[in-house]
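Novice: Sequence:
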Amino acid sequence: MALLSTPTFVNTEFPSERRQALPRGHSPQLLETLKMTHRRISNLCDLHLRRVPRWYLPGCDVDFSFKEHAIGHTRGSFGSSLQRGEAYRYSYTSEGTLASNATSTVAVKCLWALPDVHYQIVEQLFARSGVSKWMRVRHPNVVTVRGASHAAAPPYLVRDFTTYGGLTSYLAALETRAKQCAGPESVGKMETLTWQLLYG
Numbered sequence: 001m002a003l004l005s006t007p008t009f010v011n012t013e014f015p016s017e018r019r020q021a022l023p024r025g026h027s028p029q030l031l032e033t034l035k036m037t038h039r040r041i042s043n044l045c046d047l048h049l050r051r052v053p054r055w056y057l058p059g060c061d062v063d064f065s066f067k068e069h070a071i072g073h074t075r076g077s078f079g080s081s082l083q084r085g086e087a088y089r090y091s092y093t094s095e096g097t098l099a100s101n102a103t104s105t106v107a108v109k110c111l112w113a114l115p116d117v118h119y120q121i122v123e124q125l126f127a128r129s130g131v132s133k134w135m136r137v138r139h140p141n142v143v144t145v146r147g148a149s150h151a152a153a154p155p156y157l158v159r160d161f162t163t164y165g166g167l168t169s170y171l172a173a174l175e176t177r178a179k180q181c182a183g184p185e186s187v188g189k190m191e192t193l194t195w196q197l198l199y200g
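Just so you know, we're using the working numbering here: the sequence shown kicks off at 1 and counts up by one.
Derived by calculation from the structure, the hints in this document are not laboratory data. All the pointers check out, no bait thrown in.
Distance ranges between label pairs, derived from CB positions:
no.: 1; residue 1: Gln124; residue 2: Leu171; range: 34 to 42 Å
no.: 2; residue 1: Lys35; residue 2: Val142; range: 34 to 42 Å
no.: 3; residue 1: Arg40; residue 2: Gln124; range: 26 to 34 Å
no.: 4; residue 1: Asp63; residue 2: Ser169; range: 24 to 32 Å
no.: 5; residue 1: Thr162; residue 2: Thr37; range: 38 to 46 Å
no.: 6; residue 1: Pro28; residue 2: Pro154; range: 28 to 36 Å
no.: 7; residue 1: Arg51; residue 2: Thr192; range: 46 to 54 Å
no.: 8; residue 1: Leu171; residue 2: Asp63; range: 28 to 36 Å
no.: 9; residue 1: Ala173; residue 2: Glu32; range: 51 to 59 Å
no.: 10; residue 1: Thr37; residue 2: Arg136; range: 27 to 35 Å
no.: 11; residue 1: Pro154; residue 2: Arg51; range: 18 to 26 Å
no.: 12; residue 1: His139; residue 2: Leu44; range: 45 to 53 Å
All C-beta atoms in this analysis are idealised placements derived from N, C-alpha and C, irrespective of residue type, glycine included.
With the sequences and hints as input, model every part of the structure.
Specialist: Rendered as structure tokens:
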């Protein structure tokens with residue numbers, strides 16, 4: 001039996017219809033009542049609940065399709081596929097009404113685990129790989145990690161979508177374009193441009 005923390009319980013038991021469709025939201029009083037009820041039930045049943053990791057991004061905040069917008073597939077101990085999707089962020093007023101919402105295009109990396117691997121193992125994998133540390137990195141040359149979900153099937157990692165792909169594909173496309181525009185004499189200039197892009 002999977003143990004749920006209070007925020008997960010509230011998100012699981014009272015799904016939010018993509019949250020943007022519910023401008024009224026749940027009132028803060030209702031949420032506090034639900035949390036208090038959940039705490040009392042867990043105390044009476046003698047259940048010790050773990051906190052949801054800070055990097056946890058629930059499925060209701062991410063929208064992607066396995067059949068559409070597939071970007072790529074890779075193989076490894078955890079095979080993975082990359083999809084293009086959207087992530088939602090919401091903020092509510094103290095009355096529980098929707099104050100603002102933001103949608104951003106993201107890349108969703110789905111991990112295809114072995115059938116006997118449970119989500120606790122995936123949670124340990126995410127924790128050891130430093131997802132929470134990657135979420136705090138804010139640098140123009142590093143792709144921002146938005147979060148992950150170890151409880152979803154399949155587990156996924158969400159990061160900002162890069163229009164030009166990785167650095168190697170971007171530099172290859174840049175070199176091809178330079179050859180088309182300036183001819184073969186631009187090849188030596190590409191190396192200089194690459195170092196300027198990397199080190200300013």
